[in-house]
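Enquirer: The lines below spell out each chain.
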Amino acid sequence: MTLTPPSSTLLRIGCGSGFSGDRLDAPGPVVDALIEAGGAAALMLEVLGERTLALAQRERLHRPEAGFEPALLDLLRPILTRCVAHGIPIITNGGAANPRGAAAAVLGLARELGLPELRIGVVEGDDIRGTDALADLDPWEGDAGAVLEPERVIAANVYLGAAPVAEALRRGAQVVITGRCSDPALALGPMLAHFGWAEDDWDRLAAGTMAGHLLECGAQVTGGYFADPGVKDVPGDARGMAALGFPIAEIGADGGVLITKPAGTGGRVDRQTVTEQLLYELHDPAAYLTPDVVLDITGVAITEEAPDRVRLTGARGRPRPERLKATVSLPGGWLGEGEISYAGPNARARAELAGRTLLERLRLLGLEGQARLDLIGVVSVFDGDAGALREAGEGSPSDLRLRLAFASESRAAAERAAREVLSLYCCGPAGGGGVRTRVTDRIRTLSFLVPRERLAPRVSLLRLGEAA
Amino acid sequence: MSTILLHRLAHARAGDKGNRLNLSLIAHRAEDWPLLAREVTEARVLALFAHRGATAVRRYDLPALGAFNFVIEDVLQGGVNGALNLDGHGKSLSFLLLGMMIESR
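Protein sequences, first through last, are from chains Z and F.
Residue numbers for the first sequence follow the numbering used here, so the first one is 1 and each next one is one higher.
Residue numbers for the second sequence follow the numbering used here, so the first one is 1001 and each next one is one higher.
Keep in mind that the hints were calculated from the coordinates and are not lab data.
A few of these clues could be false.
The list that follows gives simulated cross-link-like pairs (lysine to aspartate or glutamate, DMTMM-like), each with its CA atoms no further than 20 angstroms apart [stated by the list, open to error]:
hint : chain 1 : residue 1 : chain 2 : residue 2
1    : F       : K1091     : Z       : D138
2    : F       : K1091     : F       : D1074
3    : F       : K1017     : Z       : E409
4    : F       : K1017     : Z       : D284
Everything numeric in this text was worked out from a predicted model, so none of it was measured.
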């Protein structure tokens, strides 16, 4: 068995990745800390975004063996041998559009590393393309009125819960690979397997889900995405930021939750970092919907027990929802972008003229789509598409960058719009430089609700060292 | 009357779901929570985001955490997959909120 017996009173869960672009060397210090602490432990690697999954599905159309997180093996290579040797299961949603393909690749990595055996649990059933479930979707409230054309669907995946992860672990999986599942389920799964909590033990499931929510974005609870110099500082300035410790949750059999990080790493864990992450991507704090439980954090109390050790109490749970969320990805047209810099005397006036010139060119060419201008250095990300803040914005910075964004259903139109920024080199105002252009294939995602009984999650065990 | 930058009294983090944005707002000092509750109203936040097309704001109060959660509808102009904005997630918008000036007493 990979986990210590259910009588054990403490389970440590580390998180080595909080999104698909996270630091590839983050898991190492977490694994070292879990080994040094001893006792039961698991490691989660969250790497799957909405867009990531749709891109993976497209990739798989061209290469059937692909379609999983490209960085998965890079994340696992430095830690897999140690985790297996110390009985620390790894749970990841890096299977993306092809969990079975990811498992085959991880078995290949295990051979390369010289592991004598490895058991991989594969969780499937989140992909509902071509199933009855796809015909039985209701739009989620945030996408009310959305109409689905099944033939245009690139990806359609339901957020599965923790039960299939727990089943894979109970069957002895040393690595569990899922496609789409709720991020907290990557942490709740090992808790269910370890403590044997009942599936209607709502308060414990709520505590475990809260811990998973705090872990799921990696360093966002340990001082990442937090520093605001002079206001909220992370110790050690850049040295601390460059060596952020990723989080570890200590979970008690009674549902106790403590968040900490490996000793000797950068970052901080305190009331402020924990509160920011507790509320991250939340809607109603009394009803955080997950496949496993409805979590209520309104009664949560946060206590700093010791430096970098924060306890949370008071999570409450209510019965899980009868319908699960599904994300459906559709083609979203094309985005053409171009940027050009203007600096020195009269820079703003030259940049503004360039912007007006671009809009006039788009009009003359008759390109169909929506355009937006930004004056990076005056105002950009805060503004609306109509440019109200830009037009009201005062001041003339001596170094700024004009950006055109053009969205169109037509690839050719998006490419032509981006090219018009390049053409400013010879046809635009004086002194423009540093043009960069980019054309992106866009994906549109909509959320729907699916009745739970429509779904059939499946767990398979793949083994190295035995006949398949 | 004196005014103060919200950034002096609180910190915040943004999260997105589709075309909906959530902004946490957390008091640096617990004793400032009632002042924030009085000043940072749903109406003021809606006005702050009106130029981006926001249609509604709901504020959830979390006094035990010294915090609030604001949920702002239709503010991301299509969200990460549809927006023309450089920051389609709206991740930088926590600091648009913190740029608000409020009465300090």
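Enquirer: State for each hint whether it applies.
Expert: Now for the hints, and whether the structure bears them out:
For the hint linking F:K1091 to Z:D138, the alpha-carbon distance of about 28 angstroms lies beyond 20 angstroms, and the restraint is violated. Of the pairs offered as hints, the one joining F:K1091 and F:D1074 holds, with about 15 angstroms between alpha carbons and a cut-off of 20 angstroms not exceeded. Restraint check: the Cα-Cα separation between F:K1017 and Z:E409 comes to about 23 angstroms, which exceeds 20 angstroms; the hinted pair is violated. For the suggested pair F:K1017 and Z:D284, the alpha carbons sit about 13 angstroms apart, so the restraint of at most 20 angstroms is met.
This entry does not satisfy hints 1, 3, going by the numbered hints stated previously.
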